[in-house]
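Protein chains in written order, with this note's numbering: chain Y, 2 to 117; chain A, 10 to 124.
Since the hints were derived computationally from the structure, they do not count as laboratory data.
Any given hint could be a false lead.
Stretch-level coverage of chain Y by chain A, calculated; a stretch enters the list once three of its residues show a Cβ under 8 Å from a Cβ in chain A [as the list claims (entries may be wrong)]: (1) 44-51; (2) 103-116.
Not close to chain Y: a few residues of chain A, all C-beta gaps over 10 Å, as computed [stated by the list, open to error]: (3) Ala26; (4) Lys65; (5) Thr116.
Since the structure is predicted, the reported quantities are computational estimates derived from the model, not experimental observations.
The C-beta atom is built at its ideal place from N, Cα and C for all residues, glycine as well.
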Amino acid sequence: EAQVTQNPRYLITVTGKKLTVTCSQNMNHEYMSWYRQDPGLGLRQIYYSMNVEVTDKGDVPEGYKVSRKEKRNFPLILESPSPNQTSLYFCASSPSQTGVTSYEQYFGPGTRLTVT
Amino acid sequence: GDSVTQMEGPVTLSEEAFLTINCTYTATGYPSLFWYVQYPGEGLQLLLKATKADDKGSNKGFEATYRKETTSFHLEKGSVQVSDSAVYFCALSKGVTGGGNKLTFGTGTQLKVEL
Numbered sequence: 002e003a004q005v006t007q008n009p010r011y012l013i014t015v016t017g018k019k020l021t022v023t024c025s026q027n028m029n030h031e032y033m034s035w036y037r038q039d040p041g042l043g044l045r046q047i048y049y050s051m052n053v054e055v056t057d058k059g060d061v062p063e064g065y066k067v068s069r070k071e072k073r074n075f076p077l078i079l080e081s082p083s084p085n086q087t088s089l090y091f092c093a094s095s096p097s098q099t100g101v102t103s104y105e106q107y108f109g110p111g112t113r114l115t116v117t
Numbered sequence: 010g011d012s013v014t015q016m017e018g019p020v021t022l023s024e025e026a027f028l029t030i031n032c033t034y035t036a037t038g039y040p041s042l043f044w045y046v047q048y049p050g051e052g053l054q055l056l057l058k059a060t061k062a063d064d065k066g067s068n069k070g071f072e073a074t075y076r077k078e079t080t081s082f083h084l085e086k087g088s089v090q091v092s093d094s095a096v097y098f099c100a101l102s103k104g105v106t107g108g109g110n111k112l113t114f115g116t117g118t119q120l121k122v123e124l
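Please construct the entire structure, taking both the sequences and the accompanying hints into account.
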């Protein structure tokens, strides 16, 4: 089954304790992205990756890191989480082709993170 | 920058009522437009899309028409069901350098359908 998986689904942590949220897709997609969802703000892009070893900042990258060592995986790293990073996080993937904007993005089930 | 504005929710309807969720956008160039749906506890799923002016996207009884003159992409359904209860997101997509597409989302509209 074609899917995007994320782990963990729920995480409660304390300020400053490094954490990683994993994301994996089995559709051989080049493009992967992380979003955070906050009430009244919709989804905002954190980072994206065009392909292996190619990543770039989205709209709200502060406090986050990513890496893309393999095509299927795109982990999100919070080196020193703070309470304002409490949010619902989604990983997404899609095919990629220059000039094409119509590809559907496939979303993972989400990771609900609470930082106390 | 690009932005998407959609009507505030929550929207509460009786089953079989007509649904309209308004969406307008601001963007340069020729974005693709999408409606995504998020059921409780799940990720977002594509509901429908349109890639150029006057295109109509449709799926599961939902429709939306890409209106460039009014920069709108309103979602409609003639007869809603309880199972349509979810959060609906309007989004636009612009290309990024080197390929791929970035989605810019509206804030989401929660729909609740009651018997």
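These are the hints, each one checked on the structure:
1. 44-51: Satisfied; 5 residues make the cut.
2. 103-116: Check passed, 8 qualifying residues.
3. Ala26: Holds, because the least Cβ-Cβ distance between Ala26 (chain A) and chain Y comes to about 25 Å, which exceeds 10 Å.
4. Lys65: Label holds. Min Cβ-Cβ 14 Å, cutoff 10 Å.
5. Thr116: violated (4 Å)
Hint violations for this structure: number 5 only, all remaining hints satisfied.
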